[in-house]
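Engineer: What follows is each chain in one-letter form.
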Amino acid sequence: MVLAAETHWSLQPMKKTVIADKGHPIDFFIAQKLEQEKLDFSPPAHRTTLLRRVCLDLTGLPPSLALTQAFANDPRETAVVYAETVDQLLASPRYGERWAQHWLDVIRWAETVGFETNAERTQAWPYRDWVISALNHDMPYDRFILEQIAGDTVGIDAALGFLLAGPANLAGQIGRDEQAMRSARQDELDEVIRTVSQSLLGLTVGCARCHNHKFDPIHQKDYYGMQAIFAGLQYGHRRLRGQQNDAWTAQVKPTAKKLAALRGQLEAQRLKHGLRPALETIHTEHFQPILAQSVRMKIKATADGQPASLYEFEVWSTDQQNVALASNRAQPSASSFALANQSRHFENLTDGLTDNRQSDPWVAKTVGPAWIRVDLAQAAIIERIVWHRGPSMLADYEIEVLPPGEPTRVEWQRLAHTEDRLPRLDDIRPATDVSLKSLSPAQTENLLLLIATVRDQTTELARLSAGPQVYAASFGAEPPPTWLLRRGNPMQRQEEVAPAIPALLGEIGLQPGSAEPNRRLELVKHLTHRHHPLTARVLVNRIWQHHFGTGLVSTPSDLGRMGESPSHPRLLDWLALEFIAQGWSLKKLHRLIVNSRTYQQSSRPRSQALQVDAETRLLWRFPPRRLEAEAIRDSILFVNAKLNLKMGGPGFDFFNQRGGLSDYSDRETFEEDGWRRMIYAHKVRMQAVDIFGAFDCPDAGQMSPRRSRSITPLQALSLMNSPFVNRQAGFLAQRVKAEGGDNSPAQIDYAFRLVYARAPEKSEKKALLHLAGQHGLEQVCRVLFNSSEFVFIQ
Amino acid sequence: MSLSACLLDRRQFLAGTWQGLSAIALGAMLADEAGATSPKIDPSRPYAPRQPHFSPPAQQVIEVFCSGALSHVDTFDYKPELIRYHGQPLPGQERLISFQGPNGNLTQPLWEFRPRGQCQKMVSDLLPHIGTMADDICFLHSLTNKSNTHGPAENVMNTGFAFDGFPSKGAWINYALGSLGQNLPAFVAIEDPRGMPQSGPNNWAHGFLPAAFQGTPFSSTKPIRHLQPPPDTTHSQNRAAGRTLALLERENQQRFPGDQELAARLASYQLAARMQLSVPEVANLKDEPPHIRRLYGADSSNRAKAAFAENCILARRLVEGGVRFVQIFNGAYASGGRLNWDGHSQLKSQYEVHAQILDQPVAGLLRDLKQRGLLDSTLVVFATEFGRMPMFQVGTYGRDHNPYGFTCWLAGGGVKAGYSYGATDEFGFKAQENVLTPHDFHATILHLLGLDHEALTFYHNGIQRRLTDVHGRVIQEILA
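As given, the protein sequences belong to chains G and D, one line each in that order. In terms of the numbering used here, the first sequence has 683 at position 683, counting the first letter as 1, and numbering is strictly consecutive. In terms of the numbering used here, the second sequence has 240 at position 240, counting the first letter as 1, and numbering is strictly consecutive.
By construction, these hints were calculated from the structure, which means they are not laboratory data. Some clues are possibly wrong.
If you anchor each label on the Cβ, the simulated ranges turn out as follows [stated by the list, open to error]: (1) G:503 to D:49: 56 to 64 angstroms; (2) D:132 to G:293: 54 to 62 angstroms; (3) D:452 to G:12: 32 to 40 angstroms; (4) G:525 to D:479: 51 to 59 angstroms; (5) G:650 to D:338: 31 to 39 angstroms; (6) G:367 to D:479: 51 to 59 angstroms; (7) G:23 to D:280: 53 to 61 angstroms; (8) D:91 to G:525: 35 to 43 angstroms; (9) D:434 to G:377: 45 to 53 angstroms.
Taking lysine-lysine and the DSBU-like style, the derived pairs with C-alpha atoms no more than 30 angstroms apart in a straight line are [stated by the list, open to error]: (10) G:214 to D:222; (11) D:370 to G:221; (12) G:33 to D:40; (13) D:40 to D:222.
Chain G side only, calculated, beta carbon under 7 angstroms to chain D, not exhaustive [as the list claims (entries may be wrong)]: (14) 114; (15) 560; (16) 701; (17) 711; (18) 767; (19) 771; (20) 788.
A virtual CB, placed ideally from N, CA and C, is assigned to each residue, including glycine.
Here chain G stands alone, though its shape is the one from the complex:
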């Protein structure tokens, strides 16, 4: 290993720089580097350019007309007005909506599982809302980390959605062989390790799953040490504590009482009509011992109308043998069996396998009546029959027995039936299909109504008792052991590994048997230590990146050897220390950055500076850049006054379905619900959304700490031709006509102020007046939405 913890910059303690200069500390560091290259700052940006920049940057929306006017006309010094505006923007809920997306990108958060089923995670959205709220409330970053890793210990459940941000295959999509099941578990935990180590530590620990890290001193043992911290983690839902939970909990008792009363009524009805209790899912029919050669079951109906099915059918003799077993040479048969990806054959009835996860059921090919039959190898005296329900539940059947003897001389005799059975709660047949011997049709209907009421109340009680749910990590009290795996192969376990952080970062003193939640709490303690060399550096670098387009380290989730060295190492350290000193406050950090001269420079290129530093890494100007997909869409809606500012809750849909195996089709038209900010769109993994997906929207497959900013003809086609953008252009034209005055020149001026926060140049105005005159104002608005000035932060 080339890199030792002692030498690599990002593992050194953060270095404090004492600044004698009276100016802004950021400008001090930037100026130093500029001087070295004989460069200088650019002049300040124009007032309105600066306003548009900071609005888009902090909130993802352009300034409103009122703000533009107030800002332009305020007689006070720009610095004062500007600082005041920054405070307003940071206080706006729009800030959290904008910056939460940056975090969701890093951890590839989405609301579907990925892979070919891409099934929906319906209750994942509370995590997104938690992030937005945390940012809007300026939750200190150390607390932000604590809640996401160990929110369960402080009553914050939604934050644990962080750990389940990545894709994970559904259980049903995993092979039934041992290797496939172990691999799937390894993959699940791998996603967690990647999420934690890349987003918080800026280290690619995931690279050490199969072998020691090629570039950084991260060993395979470090990987499995991290895995052990999360060994108790389970994917799925957990109770979302909070107000709603308390309200639901308060309803549990009264609902249970109501249900008990209803159940009492049902029991009274059962007794009144002389009905036997309802069928069990593993049901036993007892009868007088009888000599049997064959047994058959005639199935008339299932409770849910699905084809008849059973996992197992057992026939027990008086000497306690299951004589129906195939291993006892009994022969099963059935009216039919379904063809599916797995066996639905009637042989499954008598294979002796009753663990539903490891065996297959018999399923009839079609709905409606069906029969099964077992011919015994030799006649036996039998006394009971046990059947195990399949995917559907039987509701109406008869069981018959055939004694041994000449076929013409023996007859089937009835052993058991359901004609005096109380229907089950899950029986949803219409009353007309239910025949109960002792009841009139009217009585049957009443009984089924009562059953339906009990069913609904039972469901309601279960819902209230479980409480509101969030898709977030849960933890077993006793995590299973973690093993070092040879070459990452789950079938090749080596020594047991204790929960640990990568050795290059120190020790957290846990044992292999350490309990939950200590493992995670120790990790949090480590991460949020004020001397941790990575946590604050990684975070301030991310924030810097979103203000300037590129981080001080341009590889934001990798501060290891394969990552880039910082362009301004002393500035990075100064910011990180300042960030901690200011109580890990993100808003203070934003304020510090955007109030610098560096941030407020003009973005116009200067050819001499371009020659020295074409990428503008030294920040001799503000680097202009294309906006992200979300900001483009939200801005279009905003300038039209169509943006729906509803916050939180389940997302709106870009597709006509939310998850599943078949094609996703794009939703063509949106109304108010679909005009919410794009962060509130239901995020489908691996599916680019129409129009805006082409603007480098991450697909949430791999982590995306930094978006690419490509420029493609599909973007041009989408913005120019899509019905969405053209309809929005129409809305803008309507607004401009309604508010901008009744003549074209005034309307063009007004449109410019809305879209660009400035007045048009003469040449621009002339061209647009011509376009408006010939082809209408809608075309002007369409062109403005397509222009680079609109889709760029300049």
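Go by the hints and put chain D onto chain G.
Structural biologist: Coordinates of chain D only, in the frame set by chain G:
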């Protein structure tokens, strides 16, 4: 024409700096540091043709991908022992549990095999048309996959990784080589007329490469989205809008002299305008003569077959138009084997349907490329995510997933013709001789395009990523 003539005639690309597409620039810089030779992208012309690492036999690729896992033992991998041991358990694996559960006894191929062509290659009666092209094909019988689940396995075959989010091989090739033409996207993905393949857009995604390199999905039945202006706009409106936009863009450029990103935006509108003309032209199959349509089976009364045949004709036309990588999908999403090759339950009847659709169009494509002299410079790849078991599953009339050994093939573009490489064991259960990984397969495809798979890299999250991860060997033995 819809954007504007004005956009097209005054192409002005400003002098190059690395301002635009900074992610690309960064990737390239880091690659240089690592001694790799990543392509240099001109952000205003991301699809400009780029030089390969060395002079290649193949310029372009058409891949036919059979989604759902095509059974090798019923098509190209002839196993006399499987016929002989029909009805008996697989020796040593009597109780094998695979993806869907327990397996039953060995089951002989459901179609007869017979020798085809001069090379006398045994190909089954399921795919007789492809069989007639055996003398042009290089069969690879020893592919393996590390996943036995469709989605991850399709990811592996098309991106090199089982996980979601890695760039597809078409995107890698687009990134490396750009396009040969001026007016079409460099990478086109043609979906099956019956629907999206199982791994969906993963198969043509750009992953962490810039979005410019993703596959553009369209087909004979599904046009490029938003290619044409809204129906309620007029020709002259669209023209005027395009012209005015160009004017605003130039004004803005004057305020930002030397800004490459702005130049690239204008160029992207110009390419979009050219695509509006060229894509409908290339997708208009009406001018294909009847004998060509018949060759592919586009005249079939079987609608799915005719549509798939048209997709194959479209692929040829795209290659003629300079598209670098065309991927044609045969088989749609998971559907119990009804719409793709996932024959678990009733393999015989389902495969009869699918083979009707696949066979003649693919054979027609090979023949047509050959007669036009395109097969020398075009590599045809035929692939699937894994094979199927030599046994039937217990209680079904089909075969379970088999990632241990399966067949893919190559044709044209610098590979040996009428040749077979690698082998599974006597029953077709596991690859045994010259075992191949998808990485080897990918390394070979890149090699045939003049690309060193170890040198084609892109920095992402701490690693110089490659299509072939840290693996892959060029299969030298099959190079012509």
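Engineer: If a hint holds in the structure, say so; if it does not, say that too.
Structural biologist: So, going through the hints one by one against the coordinates:
1. G:503 to D:49: 56 to 64 angstroms: violated, 49 angstroms
2. D:132 to G:293: 54 to 62 angstroms: With Cβ atoms ~58 angstroms apart, the hint holds.
3. D:452 to G:12: 32 to 40 angstroms: With a Cβ separation near 37 angstroms, residue 452 of chain D and residue 12 of chain G satisfy 32 to 40 angstroms, so the hint holds.
4. G:525 to D:479: 51 to 59 angstroms: Since the Cβ atoms of residue 525 of chain G and residue 479 of chain D sit about 58 angstroms apart, the hinted range of 51 to 59 angstroms holds.
5. G:650 to D:338: 31 to 39 angstroms: holds, 33 angstroms
6. G:367 to D:479: 51 to 59 angstroms: The hint (51 to 59 angstroms, Cβ to Cβ) holds, given that residue 367 of chain G and residue 479 of chain D are roughly 58 angstroms apart.
7. G:23 to D:280: 53 to 61 angstroms: holds, 60 angstroms
8. D:91 to G:525: 35 to 43 angstroms: The hint (35 to 43 angstroms, Cβ to Cβ) is violated, given that residue 91 of chain D and residue 525 of chain G are roughly 57 angstroms apart.
9. D:434 to G:377: 45 to 53 angstroms: holds, 50 angstroms
10. G:214 to D:222: violated, 45 angstroms
11. D:370 to G:221: Violated, at about 55 angstroms.
12. G:33 to D:40: holds, 28 angstroms
13. D:40 to D:222: violated, 33 angstroms
14. 114: holds, 5 angstroms
15. 560: Holds: closest Cβ of chain D sits about 6 angstroms from residue 560 of chain G, inside 7 angstroms.
16. 701: holds, 2 angstroms
17. 711: holds, 4 angstroms
18. 767: Result: holds, 5 angstroms to nearest chain D Cβ.
19. 771: Hint holds; residue 771 of chain G Cβ to chain D Cβ min 5 angstroms, cut 7 angstroms.
20. 788: For residue 788 of chain G, the interface hint holds, since the closest Cβ of chain D sits about 5 angstroms away, which is under 7 angstroms.
Comparing the model with each earlier hint shows violations of hints 1, 8, 10, 11, 13; every other hint is respected.
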